[in-house]
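Chain B: place on chain A using the hints.
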Amino acid sequence: MTEVTLNSSVQVRCGASNAFLVTASLIEPLITEFEMQGVYISASRGALELINTLNEIGVATENVRFIDCVSSALLGGTESTFPNISFIDSPIMLESILLRTLYHLNTIPGDSKFVILDSVNALAIYNEDRMLAEYLHTLINTFRARDVLSVIMNVPDQTPPGVLANLDLYCTDLIDRGQVVIS
Amino acid sequence: MGASDGIELLGKPRGPGSDTMLGTPQYKRDRCVTGVHGLDEILRGGIPYGSTLLVGGTCGSGKTTLAMEFVVNGAAMGEATAYFAATEPSVKLLENVRQFSFFDMDMVDKGLLNVFDMDVTYSWLGLTKATFTMDDVNALVKAITDIVNTIGVTRLVIDSVTTLCYKIPNDQLIRDFLFTLGKTLATQGCTTMLIAEITSVGMSHGGGRSLWSSFGVEEAILDGIMVLGDIDRRGHLLRYLQVIKMRGTDHSRAKYALELTPNGVMLTPMLKWGVDV
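Chains as they are written, first to last, in my numbering: chain A, 1053 to 1235; chain B, -16 to 260.
The shape of chain A in the complex, shown without the other chains (with noise of 0.2 Å):
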């Protein structure tokens, strides 16, 4: 990633094997090379396991804050030392989600925001696909006109085609496994 702005929307597609990789190599430069902050929606694993990944490699994660979709559903999972993970119950509160991102980024100073959501396909576990889909145009467009740049990672044979057919009409940009196809 070499340029960003902050009111598009990024799909990034990646596959099963490669997600974790891609997932580092967007949130690195965001945070380093473009002095972003942001906050990191975390459905495809716990946010812990995740800060742990991401510092192994040497990756800052004290700027994002993370909001774990998946661990309330483990016995002891939501015991964290981290102050910047909340966790949300279950990944079926889709609202619940989107609120506590905006609050999130009405705590973060600046004008230079970030929103990641890991993953689109992980969300499609708990979620009808006409309610997905509803919630990826608000959640967007929501982010659009508060200038907030979103990244919405995807694992596309893993997601309902009729999800994936609105996600490409809403994104503004399009990265296939790192790189870009449509600008």
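Some hints could be false.
[Unchecked claim] Pairwise CB distance ranges (calculated):
id: 1; chain 1: A; residue 1: Phe1072; chain 2: B; residue 2: Asp92; range: 43 to 53 Å
id: 2; chain 1: A; residue 1: Thr1130; chain 2: B; residue 2: Arg236; range: 50 to 60 Å
id: 3; chain 1: A; residue 1: Thr1159; chain 2: B; residue 2: Glu78; range: 19 to 29 Å
[What the hints assert, rightly or not] If we take Cβ atoms under 8 Å as the criterion, some of the chain B residues that face chain A in the derived model are:
id: 4; residue: Asn246
id: 5; residue: Thr251
id: 6; residue: Trp256
id: 7; residue: Gly257
[Stated by the list, open to error] Anything over 12 Å on all C-beta distances counts as not near chain B; from chain A, calculated:
id: 8; residue: Glu1055
id: 9; residue: Gly1067
id: 10; residue: Phe1086
id: 11; residue: Arg1097
id: 12; residue: Leu1100
id: 13; residue: Glu1101
id: 14; residue: Leu1106
id: 15; residue: Gly1129
id: 16; residue: Asp1163
None of these hints come from the bench; they were simulated from the model.
Ideal Cβ placement from N, Cα and C applies to all residues, glycine included.
The following block gives chain B in isolation, referenced to the frame of chain A:
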């Protein structure tokens, strides 16, 4: 006659954000800006000044937090506010609300936020009986309005009016109490939230009775009705708020998802495909 009079004439240039779906009304009432995230947008600018609202909700739906944020935001703007606590001691109420960033204990110390225990008020008035008479009800209305007058209260909350109404023996007396209270407070320019505890929200099936209030008589008298409840989404309770009625203003009647954050209440339109999941 100009905009400063709070009156707009048809055909005059309209200011940004003044349009509604039905166009700009000729006359716009002054508003009590709640300061609650999203609520003033739902009410197209705030609660019309001097209105008395019923805020009905199921347990744990966020009624107390919403009402406390309403008075605290008024206090933060320098208004004198009052909160009558009937369901929990004021000390406990304040302790619970301290976790929210909108709350500042200085407001209590400076007399901008006045929290009263309803039990203390009853004792002070000698209302120790289990059931109130008409005279008792009148004495209570007078005590509340005297406090509002003396302090110059512009925002008032009674939490909850249900607890209070349980002491009033019949529907007619409840109606009289609420009507007199609302009328008196309105003439004093006080915007009031009456909290009502309800067990379920919506329309009852068969009986044709609405379930916005505890006794079924409050809703016709009061200026506005706001309900808070939960939607069960596959075993998870999602809070919501809906404005059913608000005299003197256009407003949204949609359901809004409500989240309690460290900054207080936040609202966003509920996903349409998620309302009946």
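Structure-based check of all given hints:
One distance hint, 43 to 53 Å for the beta-carbon pair A/Phe1072 and B/Asp92, holds here, with the actual separation near 52 Å. Here the CB-CB span from A/Thr1130 to B/Arg236 is close to 36 Å, at odds with the stated 50 to 60 Å. Between A/Thr1159 and B/Glu78 the beta carbons are some 24 Å apart, a value that agrees with the proposed interval 19 to 29 Å. Interface hint status for B/Asn246: upheld, as the beta-carbon distance to the closest one in chain A is roughly 6 Å, under 8 Å.
Because the closest C-beta pair between B/Thr251 and chain A is about 5 Å apart, less than 8 Å, the hint holds. For B/Trp256, the shortest C-beta to C-beta distance to chain A is roughly 4 Å, which falls under 8 Å, so the interface hint holds. With 8 Å as the threshold, the beta carbon of B/Gly257 comes within range of chain A, its nearest partner Cβ sitting at about 5 Å, so the hint holds. Every CB of chain B lies more than 12 Å from the CB of A/Glu1055, the least distance being 31 Å, so the non-interface label holds.
Residue placement check: A/Gly1067 keeps its beta carbon more than 12 Å from all beta carbons of chain B (closest about 29 Å). With a minimum CB-CB distance of about 27 Å to chain B, A/Phe1086 clears the 12 Å threshold, and the non-interface call stands. With a closest Cβ-Cβ approach of about 20 Å to chain B, A/Arg1097 is found to remain outside the 12 Å limit, as its non-interface label requires. The non-interface label for A/Leu1100 is consistent with chain B: the shortest C-beta to C-beta separation is roughly 20 Å, beyond 12 Å.
Every CB of chain B lies more than 12 Å from the CB of A/Glu1101, the least distance being 23 Å, so the non-interface label holds. Listed as outside the interface, A/Leu1106 is consistent with that label: its C-beta sits roughly 25 Å from the nearest C-beta of chain B, beyond the 12 Å cut-off. No Cβ of chain B approaches the Cβ of A/Gly1129 within 12 Å, the least distance being about 16 Å, so the stated non-interface status holds. Look at A/Asp1163: its CB is around 19 Å from the nearest CB on chain B, clear of 12 Å, so calling it non-interface holds up.
In terms of the numbered hints stated before, the structure departs from hint 2 and from no other.
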